[in-house]
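Enquirer: Chains as they are written, first to last, in the working numbering: chain G, 1 to 264; chain V, 1001 to 1326.
By construction, these hints were calculated from the structure, which means they are not laboratory data. Being a predicted model, the structure only gives us computed values, none of them experimental. Glycine included, each C-beta is placed from N, C-alpha and C at the ideal position. Do not take every clue at face value.
[Claimed, not checked] Simulated restraints on C-beta separations:
{"#": "1", "chain 1": "V", "residue 1": "1015", "chain 2": "G", "residue 2": "198", "range": "57 to 65 Å"}
{"#": "2", "chain 1": "V", "residue 1": "1293", "chain 2": "G", "residue 2": "249", "range": "43 to 51 Å"}
{"#": "3", "chain 1": "V", "residue 1": "1073", "chain 2": "G", "residue 2": "15", "range": "49 to 57 Å"}
{"#": "4", "chain 1": "G", "residue 1": "87", "chain 2": "V", "residue 2": "1177", "range": "43 to 51 Å"}
{"#": "5", "chain 1": "V", "residue 1": "1125", "chain 2": "G", "residue 2": "202", "range": "52 to 60 Å"}
{"#": "6", "chain 1": "V", "residue 1": "1168", "chain 2": "G", "residue 2": "15", "range": "47 to 55 Å"}
{"#": "7", "chain 1": "V", "residue 1": "1004", "chain 2": "G", "residue 2": "55", "range": "45 to 53 Å"}
{"#": "8", "chain 1": "G", "residue 1": "234", "chain 2": "V", "residue 2": "1315", "range": "33 to 41 Å"}
{"#": "9", "chain 1": "V", "residue 1": "1176", "chain 2": "G", "residue 2": "244", "range": "54 to 62 Å"}
[Said to hold, decoys possible] If you only want the chain V side, here are some residues facing chain G, beta carbon under 7 Å, derived:
{"#": "10", "residue": "1113"}
{"#": "11", "residue": "1116"}
{"#": "12", "residue": "1142"}
{"#": "13", "residue": "1143"}
{"#": "14", "residue": "1187"}
{"#": "15", "residue": "1190"}
{"#": "16", "residue": "1206"}
{"#": "17", "residue": "1257"}
{"#": "18", "residue": "1303"}
{"#": "19", "residue": "1317"}
{"#": "20", "residue": "1321"}
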Amino acid sequence: MRIVVCVKFVPDIQSDRQLGPDGRVVRDGGDGTLNELDENAVEAALALAEEHDGHVVVLTVGPDDAVDAVRKGLQMGADEAVHVLDDAVAGSDAIGTATVLAAAVRHLGADAPVDLVLTGMAGLDGLTSLLPAALAEALDLPALPLASTLAVDPAVGTVTVTRRLDHATETLSADLPVLVSVTDGLNEPRYPNFKGIMAARKKPVTTLTLADLGVDPGTVGAAGARTEVLEAAARPPREDRVLLTDTGDAGTRLAAWLVERKLV
Amino acid sequence: MTATPVLVLLDHAADGTLRPPVRELLTLARELAGDAGVQGVWAGDEDVAAAVPALAAQGVTTVHRLATDTDVHLSAVLADGLEAALAASGAALVLLVSSFENKEAAARLAVRTGAGVVTDVDGLEVQAGRVVAHKTVLAGTWTTRCAVSAPTAVVTVKANSVVAQDAAAPSSPQVVDLPVEVRASSTRVRLVERTELAGSGRPDLGSAHVVVVGGRGTEGDFSAVEELADVLGGAVGATRVATDEGWIGHDAQIGQTGVTVSPRLYVGAGVSGAVHHRGGMQASGTIVAVNSDPDAPIFEIADFGVVGDLFAVLPQAAAELRRLQG
Ligand SMILES: Cc1cc2nc3c(=O)[nH]c(=O)nc-3n(C[C@H](O)[C@H](O)[C@H](O)COP(=O)(O)OP(=O)(O)OC[C@H]3O[C@@H](n4cnc5c(N)ncnc54)[C@H](O)[C@@H]3O)c2cc1C
Ligand SMILES: Nc1ncnc2c1ncn2[C@@H]1O[C@H](COP(=O)(O)O)[C@@H](O)[C@H]1O
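If we strip away everything but chain G, and leave its shape as in the complex, we get (with noise of 0.2 Å):
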């Protein structure tokens, strides 16, 4: 089973975040990591080799920094990593990334059929989730978005996930291939070993540009973008803000300053 892994290059979410006046994220080299929820994506797809003597690559669309994420891939176990870099894809926002990922996955399938696209549930950057979908409409493949639970049959070909949605749960399954991104309820994700950590110097690391996935750029980036950000500011500190300690009446002190607040 060939396995393809999407991952993303995100700011550190315990770092200050920052965001530019184009809207874009201040990326100040070494706070960047591979996307946590993405982990997860990495840790099933590991599974699903170990299970079904299956192949991973893992996959990013980003700048020269991204290549950390995919190293990380590679770390936790993954075989080979391809790496997505072209000035022409800054700016792109989720459709014109799921563009340049489709182009990418045709790629590798060219080689040797894909079985089986994986993605984290969101990004933590902008906790946006469109890709998946926008992914599996880009390469025509049946999308099964937010696994909590996941089982291959791979006698039959059939994939089946749980999810849980705010007011429903549900089972859904496809017959591969498909696109399955994950929770990060469905795993617990290994750290790289040392081992790991050795192997992965070793293994193959191909950087392509859009030029090699027969992309236009003008179709992705800036250029095709079909949202632009217009403002970006931080948000000003909350004011008037009140932080007392219990001697036996901030109960009703808290009632009152919520009556007084119009908050009841």
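Could you slot chain V with the ligands onto chain G? The hints should help.
Expert: Using the frame of chain G, we list chain V with the ligands on its own:
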């Protein structure tokens, strides 16, 4: 774009009543559409009759009821339906309540139609003929304004972004069946099973105006949290620690990987305010925190913070509120 109607997906419960945020979206849509009017999309077998009074009060002119034998809970099928409704209505703007399943349909619609999509928006305006969306990002710490440059805009709007108001004059909505041509590829996913979650009797977490949240500090005893929620008419939420411990259902988890809430009032009790949790609540209007540790990070973002024991502070607040409310 003001010369075209605005289309709103009418999310509803199994009994056909509209989900509360839909009224907010209809209010917003009316402001943007002006004379061109607001049209709705009804996806599902539920009886639209239950929603018609609310739709009339909101001034909706036409409801496109998607007519198809396939299950519209499949996001690709819903996208087929929205595509048909876009064509039938001539709308250039589609509004959906922000939820995972609606974002799936929005993404597909954008890929198919060339529309621009913006998610988790908390305000919308039309400027020089373009839709401009307001949203907070990076866990509620930044605000942005984002214009859609494509001719069609698909926007998912967060609950509690707008105060729902009835139209000046009610309408008599026309319900028309809209045949949907479902693509062969849309039904390659099989919906094996779907179970609607039973309501808790409290307001729906994602759209409640007030949310009271319990964390590890409750040690599994949610009675004080529930009591305060009930006095405030609010929903009960939890941190992932509390849901992982099995103290409350998973659907109560608030945070980056759970439900995103932006109520008028958020109360966190025994919640440390970890970054993953903040990502799902930091955009709340007013934040109250009760925590015994003065160094808990939640105090950095609280409007009203109490360093104290939740089992003392919450019941006292609830009792005082009951007294004040008479
Ligand atoms: C990938 C990933 C995703 C995650 N997603 C989420 C998410 O979506 N939502 C989420 O919530 N978490 C999420 N987490 C977990 C998150 O990192 C924190 O571990 C979690 O939010 C902490 O929950 P807590 O505040 O209940 O517990 P703790 O951090 O243990 O805090 C408990 C607090 O209770 C206080 N306390 C104790 N007793 C009392 C008392 N009697 N009265 C008052 N205060 C008291 C303590 O001082 C402490 O501050 C995620 C983690 C990961 C790795
Ligand atoms: N630039 C990217 N490169 C590779 N994968 C991505 C990229 N952007 C998003 N993804 C994948 O899509 C998921 C959802 O991302 P998003 O739509 O940005 O919230 C992530 O968890 C990743 O698996």
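Enquirer: Confirm or reject each hint.
Expert: Here's how the hints hold up against the structure:
Take residue 1015 of chain V and residue 198 of chain G: their Cβ atoms lie about 60 Å apart, and the range 57 to 65 Å holds. For the hinted restraint 43 to 51 Å between residue 1293 of chain V and residue 249 of chain G, the CB-CB distance of approximately 20 Å leaves it violated. For residue 1073 of chain V paired with residue 15 of chain G, a C-beta distance near 39 Å fails the hint of 49 to 57 Å. One distance hint, 43 to 51 Å for the beta-carbon pair residue 87 of chain G and residue 1177 of chain V, holds here, with the actual separation near 50 Å.
Hint check: residue 1125 of chain V to residue 202 of chain G, Cβ distance near 55 Å, so the stated range 52 to 60 Å holds. A C-beta distance of roughly 49 Å is found between residue 1168 of chain V and residue 15 of chain G, which places it inside the suggested range of 47 to 55 Å. In this structure, residue 1004 of chain V and residue 55 of chain G meet the distance hint of 45 to 53 Å, their C-beta atoms being roughly 49 Å apart. Evaluation of the 33 to 41 Å hint for residue 234 of chain G and residue 1315 of chain V yields a pass: the beta carbon distance comes to about 38 Å.
Separated by about 58 Å at the C-beta atoms, residue 1176 of chain V and residue 244 of chain G satisfy the suggested range of 54 to 62 Å. Because the beta carbon of residue 1113 of chain V sits about 10 Å from the nearest beta carbon in chain G, more than 7 Å, this interface hint is broken. A least Cβ separation of about 3 Å between residue 1116 of chain V and chain G falls short of the 7 Å threshold, and the interface hint therefore holds. Against a cut-off of 7 Å between C-beta atoms, the interface hint on residue 1142 of chain V holds, since the closest Cβ of chain G lies about 5 Å away.
For residue 1143 of chain V, the interface hint holds, the least distance from its beta-carbon to any beta-carbon of chain G being 5 Å, beneath 7 Å. Taking 7 Å as the C-beta cut-off, the interface hint given for residue 1187 of chain V is violated, the closest approach to chain G being about 9 Å. For residue 1190 of chain V, the shortest C-beta to C-beta distance to chain G is roughly 5 Å, which falls under 7 Å, so the interface hint holds. Hint status for residue 1206 of chain V: holds, given a least beta-carbon distance of 5 Å to chain G, under 7 Å.
About 5 Å separates the beta-carbon of residue 1257 of chain V from the nearest beta-carbon of chain G, less than 7 Å, and the hint is met. Given the 7 Å rule on beta carbons, the hint for residue 1303 of chain V holds: about 5 Å separates it from the nearest Cβ of chain G. For the restraint placing residue 1317 of chain V at the interface with chain G, the shortest Cβ-Cβ distance is roughly 4 Å, inside the 7 Å limit, so the hint holds. At about 5 Å, the closest approach between the beta carbon of residue 1321 of chain V and any beta carbon in chain G falls short of 7 Å, and the interface hint on this residue holds.
Checked against the numbered hints above, the structure violates hints 2, 3, 10, 14; every other hint is satisfied.
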